Each structure stands twice: as structure tokens, then as C-alpha cells.
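**Q** What follows is each chain in one-letter form.
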Amino acid sequence: MTESAANKAVNGEVCHRATNGVKPGRNGFVKNHYHYKQQKNCYAEEKVYHTACNGGVYSRPFIESFEETPMFVAVLTYMGYGILTIFGYLRDFLRDWKIEKCHIAREREQQKDFVPLYQDFENFYTRNLYMRIRDNWNRPICSVPGAKMDLVERISYDYNWTFDYTGRVVKDVINMGSYNYLGFAENTGPCANAAAQVTMNYGVGIGSTRQEIGNLDKHEELEKLVAAFLGVESAMAFGMGFATNSMNIPALAGKGCLILSDELNHASLVLGARLSGSTIRVFKHNNMQSLEKLLRDAIVNGQPRTHRPWKKILILVEGIYSMEGSIVRLPEVIALKKKYKAYLYLDEAHSIGALGPSGRGVVDYFGLDPRDVDVMMGTFTKSFGAAGGYIGGKKELIDYLRTHSHSAVYATSMSPPVVEQIITSMKCIMGEDGTTMGRERVQQLAENTVYFRRRLQEMGFIIYGNSDSPVVPMMLYMPAKIGAFGREMLKRNIGVVVVGFPATPIIESRARFCVSAAHTKEMLDTALSMISEVGDLLQLKYSRHRILPSLDRPFDETTYEENED
Amino acid sequence: MAFGDAWKQISWFYYQYLLVTALYMLEPWERTVFNSLLISVAGMAVYTGYVFMPQHIMAILHYFEVVQ
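So the protein lines, in turn, are chains P and E. For the first sequence, position 65 matches number 65 in the working numbering, and the numbering has no gaps at all. Counting from 1 along the second sequence, just add 1000 to a position and that's the residue number in the working numbering.
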């Protein structure tokens, strides 16, 4: 499939897509011989940048930007954390000397002389930094988390150690935090009706695992539908997305295998890789030179002491990385995998349903062949409005997983209304229910994404990630601004998710918006005007580039772009 | 109303100072402790400058033989 993508570029039409900054010959990625021929067709010497110089494996522009942290902001952020740390030590001292009442978990009196249980830096951070702004997380929602939701109002009289409910409900809060990409989180409509009907037929509980007596005909129907949706031979569904990764990677890799995992992989992938017992090597985020170097080292040197060849090499990547908003460079990964004969495990948790002209995920987005990806994993939580995960691939692989996966053998199978929600929403996306609603939703999401990202970047915020990804991380940096942003947005009736350490590096805290197809343009405009207002109040408009930066240069050591001035 | 505008401007600057130094997240007594420390250190620096600057400037000018 990579050959045909390359052929698309040869006819020169890609040369007119002037959106990427690529200097020819600086690729450092797989030196396939056919891409040198195309460089003669490219107008490389002038300012028309295009994708063909990237080896011709990309059939569309790949615009990703991670603007560098301004130095002044980084210094002030460190200073802020320093002040908080000093006050944290002061408070810990007061708590230790019983001058102040201690609200957190402590050992019992009889255990005071034992090795301490509650003393790491992670707990220091929780006690002294997280607790102070804890009201931004775990907010109870009392309606369906669609485009708008209702929140239960809380108030705390002891600085977030305990919360009381005032009895009021904050109504119609615009929801910019749910992973509701296609808007299927709703309590009316064909999906909800079908799920209700199935509850009447099958009940809600299953009471057994897939292997024993918990295999319903609904599960079989779902798996056939998922396989048809993805374009693979066979698929298997699991009850929990996290468990899909952490329980199935150990079944696929073991001792003597090598796992090459991206730097910023999700905790479920990391846990699965560690549980498997294989050797794990980490390559820099979305950096194909780093991956190629690791592959070459692995094949040349083999296993650490014995130098025997690795039993298998498994590359773990994600479709969309939810903290960065970046999309994996899938054509290059597939080219590398084919060249070095490794296996590819693609986790499409955020990208299934959200990318691609027909919503079939990142493989569809790049126009590649699903048979090139050995294991296609995804979740139903994000775009389908349900819960659970799936793995798709060749029939032999899935049959093997049915017997050898921990999740299939030990975990209870999916609940019938959830299965029906997935079946109905997937048929809707595929267009098999007879309406064009699925297609419209996918297009609406793409338009909303482009519009939202463009407006935020024009306003002057630093936005990470690919211009097509519906996950939009907006940088906040300073610890006080994390809490202030969450609270100010809630005052203006917009619910956002703010993230700090340890989910992100310590100075790169961010607010993460998730664009949804259920958001109308008015909602997005309201949200954008409020974001701009709060951005001015909190001085969050750090970006020094007023123009949309376009960069498709392979990254060297860092993923930051350089100032082009 | 000029005082009103000035007051608004000052409280905006104070808010920015709270955000940047992360005092926004601290409890009121912690803010008082930090602000008092900061003001006392700044006050001591200003006082030292006021008392010793004439002597230092005279010494520098004497060194460069601008003044006897």
C-alpha cells in the first residue's frame, strides 16, 4: 500500500499542497529508492513545500506543531513550583508536629516505627499541590455527558479536603472534556432505544466470562460487525479498554521478545508491556529515526547477552496520543515494519471513529491497507458512546487470543445494552442503518476540529498536536493557572479538563479540549469567546507565532519546532 | 472614578502576581506569611540602599578621582 501512495505523489499533484515545511534530503527516514526520483519532480528550491519530499508515503499534508515553551514562562513556572514546595514542607512540618490537623492517610500509632508507607514525593505532591486545586477534578455529573451537561454544585469549607453539596445543580454546562467525538453519548435516539430494547430482552448482567457461559449471540454479532468496520478478518471485543491492552499484550509477547514502545504511550500499553516480561525499549515520541535506530540495533545485536535473534519485535504505537494531540506517522511506521520484519500493534483508542473520511480511524485517514497493521486495537468508549475495547487482525491471531488472553478467560463479558449501543452506533457510522447521519457526524467532527484549532491558534494560545486531531491540548504551564483556568471556565458555564503532573511533564500542564460532532457552531463560538476572555484574564496567550506554523520536518532530538526568524 | 480605574488595575496586577507566584493556590495565612517575608526583604533592601548609597557613590567617585 505504501507503493501506491508513493505513486500518487509521482504524478506531481501533491506538489501543489503548499502547507508543509520540508527541506528535501533532510529526511533521515527509510531511504527507499523511489523517493529520490520524486525529488526531481518537486520544486524544492523555492518556498513551495509539499509532502512528496517526505518519501511520498503521505497522501495528505501532515501538519504537527509543538511550540517551544517560552523561557520566561518556564522560569516563572519553576519558581511557582518552588514556592509551593517550600510551603508544602512547611505544612508537612506543622502536620508532623501536630500543630495542624492531618487529614490524609497516616500509619496507626502502633506502626510508627515501621518502614513508612506514605512518604514518597508523589504523595508529597498529592498532599500539598493536588489537594489545593482538587475541586477541578472528579466533578459529579448528573445528566448525560453530551454536548451540554449538568453538574452538581459543590463547596468546600476546609480547602478541598472535604466537599459539601449545596443542593443546587449547574445546568447546561458546555462539555469540552468528554471523549464524545461523534456525539453518541445521548439518552434519546436510535442507539438509546435499541439499547433499552435489548435490556428488556437480555437484562443487564451476564454473570460469567466469555469462555464459560457468558458468550451471547450479541457478542458474536458485534465481533463480526467490528471486523467488517475495520476491514480485518476477525475481531474480538472485551469489557474494558484498559484491560484490553494490559491483558492482551502479555498473550502476544513474552520472554525473548522485544517491545518497542513510544515514549508517550498510555499507561495501559506500558502496563501490558511490563506484564509480558519482554524487553522494552522506548523510542522518542513519533520520531521515526529513533525507531529505525532501535530496530537496526535490535536486529544487528540481538538479545542482550547471548546475541541470539529476538523471537519477535513488536512496535506499540497509538493512533492519536491524547495528551499531545499528535497523530502517529503511520505510513512511515508501516514502511519500517515491513523493511525490518517487525509486528505492529496500533492502539486506536482516540482515533477510531474520529479520523478518516469514513470514520474508520487512522488507517483510513492515511489511506493505508488495514492488513498491514498486525494487531489493530481500539476502544468503544470514545467515539461509540459505550465502554469496552476490541482487537482486530488475522483470524489465526484472534482465535489464539480467544483461548490465551487473560481478559477472555477471567473477565466478565460485556453487558448487552452496551453491546447494542456499539452495534447501533457502528452501523450508523458505516451507513448501514439507511441514514446519512453517520457520515454527517464524521464530517461535522472534522469541520469542528479544523475550526476550533484554527480559532484557538489565531487567538494566540499555544496548541499542541496535529491540525486534524480532535484532541486539543492548550498549554497553561503555571501551577496556579491550572486551578484558576478550571474554576474560571466553570464560572462561565464551560466544563474543561485540566491536566498537570504526573500525567504531563512538570512544567507542561495543559487544558485538554475534546471537540465533538455534537457541538454546534454556536456552542463552539460561545466556548471560544469564553476561552479568549479567560485567556486574557489569566494571560495565557503565550504564542509568539501569530501565523499557523506548518512543519513536516522529521524531528531531530526534540519535538519542538524552531523559531523561523 | 480615576481611583476606581486605578484600583481595578492594581487588583488585576495583584491577581497576576498571585497566579505567577502560585500564591493563588495557598491559603490566606500562607499568603500573609509570604507577602510579609517579601515586603520585609524588599523593605530592608530599600532601607540599606537609602542609608548606604550616598557613601558608596562618594567612594566610587573618589576612586575614579572625579571628586576629592
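Because the hints were derived from the structure by calculation, they are not lab data. Careful: at least some of the hints might be erroneous.
Each computed DSBU-like pair below joins lysine-lysine, with the alpha-carbon atoms no more than 35 Å apart [as the list claims (entries may be wrong)]: (1) K338(P) x K312(P); (2) K1008(E) x K171(P); (3) K491(P) x K541(P); (4) K491(P) x K1008(E); (5) K293(P) x K341(P); (6) K311(P) x K293(P); (7) K1008(E) x K341(P); (8) K311(P) x K255(P); (9) K148(P) x K112(P); (10) K171(P) x K521(P); (11) K171(P) x K491(P); (12) K148(P) x K1008(E).
Because the structure is a prediction, the values reported are computed rather than measured.
**Q** Now, for every hint given, state plainly whether the structure supports it.
**A** So, going through the hints one by one against the coordinates:
With a CA separation close to 13 Å, the supplied pair K338(P) and K312(P) stays within the 35 Å bound. Restraint check: the Cα-Cα separation between K1008(E) and K171(P) comes to about 31 Å, which is no more than 35 Å; the hinted pair holds. Our distance criterion of 35 Å between C-alpha atoms is met by K491(P) and K541(P), whose separation comes to about 20 Å. About 20 Å separates the Cα atoms of K491(P) and K1008(E), which keeps this hinted pair within 35 Å; it holds.
A hinted pair counts as satisfied when its Cα atoms are at most 35 Å apart, and K293(P) with K341(P) qualifies at roughly 14 Å. The straight-line distance between the Cα atoms of K311(P) and K293(P) is roughly 19 Å, inside the 35 Å bound, and the hint therefore holds. Restraint check for K1008(E) and K341(P): not satisfied, since their Cα atoms lie roughly 66 Å apart, outside the 35 Å limit. With a C-alpha separation of about 9 Å, the suggested pairing of K311(P) with K255(P) holds against the 35 Å cut-off.
For the suggested pair K148(P) and K112(P), the alpha carbons sit about 49 Å apart, so the restraint of at most 35 Å is broken. With a C-alpha separation of about 20 Å, the suggested pairing of K171(P) with K521(P) holds against the 35 Å cut-off. Taking the CA atoms of K171(P) and K491(P), the gap is near 12 Å; set against the 35 Å cutoff, the hint holds. A distance of roughly 34 Å separates the Cα atoms of K148(P) and K1008(E); the hinted pair therefore holds under the 35 Å criterion.
In this structure, the earlier hints numbered 7 and 9 are contradicted, and the remaining ones agree with it.
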